[in-house]
Structure formats: structure tokens, C-alpha cells
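A.B. asks: Sequence:
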Amino acid sequence: MNVLSDRLVNLFGALAVGITDRIKKAAFDPTIPGGGETTAAIVVIGHATGLSIDELGRVLGLSHAGTVRLVDRLVAAGFAVRSKALRDRRAVALMLTEAGETRLSAILQRRNETLSEILSHVSNADRLVLERIAETILAQMSDDAVSALTICRLCDERRCYNCPMDAFGMLESSTHTRPGSQRRGRRRMCGRSAAQLPAFFHQGR
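At position 122 of the sequence shown the residue is numbered 121 (numbering that gives the first Met the number 0), and the sequence of numbers has no breaks.
One thing to keep in mind: the hints can contain errors.
To be verified - Taking CB as the label site, the calculated pair distances span:
{"id": "1", "residue 1": "Ala124", "residue 2": "Val67", "range": "46 to 52 Å"}
{"id": "2", "residue 1": "Lys24", "residue 2": "Val67", "range": "24 to 30 Å"}
{"id": "3", "residue 1": "Ala124", "residue 2": "Asp5", "range": "35 to 41 Å"}
{"id": "4", "residue 1": "Asp28", "residue 2": "Ser82", "range": "20 to 26 Å"}
{"id": "5", "residue 1": "Leu127", "residue 2": "Ser4", "range": "19 to 25 Å"}
Simulated from the structure, these hints should not be mistaken for lab results. Just so it is clear, CB atoms sit at the ideal spot from N, CA and C, and this is done for glycine as well.
I would like the entire structure built from these sequences, with the hints used as guidance.
C.D. replies: In C-alpha cells, the structure reads:
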């Protein structure tokens, strides 16, 4: 019988909260209008180049009006541009500018440094075990493509190979294929198919 100890459940919950708080603090950039939502949007657009405003809103758990305002801020700040979607010329495709890519790299670098510092207190042997545990848990946390990208909205997909979220597919609207990917529609890790969007993008923050 698989019995969870109360102590493990409590420690795991505290760990999740502590790591989340540190990631948010590391990724937050006070020079970017809109705070955390804008930061997450930069990462998501970098993951899924060419995604639509509707898709971005579902990933971030925002209303259409809220997402439009968010995109307006990104464009005004010079981090993103709107263009015509390849598959539906009536739709808008979102892409990062060079300044947006630079900001994306800075955000992910701070995030990676924070997580690396946390993991530095764990032995090499335990890190291998932790990696397997993380893969097992992550694979059970998504039901479809959208929820996977929502979970990975602050991930550095350039550093993640054989990601368990790859099983959920890719976004049809995204155009960027990441090196090493088999069929990615963003850069590899968290792109999802349009058919999976309605369920995938249903997650608040």
C-alpha cells in the first residue's frame, strides 16, 4: 500500500512555495511595465513564436481584454511585434524583437542562477534521483498541450532536452522550431497543437 507521510506532504508543499517565490523574485524586472505578467509573456512568446493573442491569454490565464493590454505594453516597450499569422491571415501572430530576445535571455539567466543555487545544496547522487522524481511528477501534472505550456511558462527550454511535456504536442500557430526537437512548433519544449488549445490554456496563475 502506498502511504504518504504527513511530513513529506508538508515538506513538499513548503518546498513548492519556497521555490515558486524565489523564481518569481528572480524573474521580476522592475523596468518592465506590468510586472510578472509581462515577464511571463516575454518567456511564453519566446517559447511559442507566432502564437496568437488568444493563445497567449489562455496560457497566462488572462481575459482577452487583459491580454490585448499586455501585448500593447510589450509592443510599446519594444519587446514584441504583431504580424499576420501564417495559417490565418486574419489572426495576429506575436514575435519577440531583438530587444525582447535580449530581455528573455536576462530573465532566464536570473531564474537559472536562482535554481542552481538551490540545487547546489544537494549532492550529485541526490540530484539524479531528484531529476527522475521531477520528470515523474511533471508528466502527471498536464492533461493536454495548453496546461503543459502554462506550467512551463517560465522555463528555459534551451536547457531542457527530453522534456516530459513534449508528449503533449505543439502549438499550430507557432512557427519556431527549436534545435534538437522532433516536431516543435516553438522552440521545442512546450509548444502545443491548436486542437489541444482549449483545454491546454485553461489555467489561472
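A.B. asks: Enumerate the violated hints, using their earlier numbering and listing them in ascending order.
C.D. replies: 3
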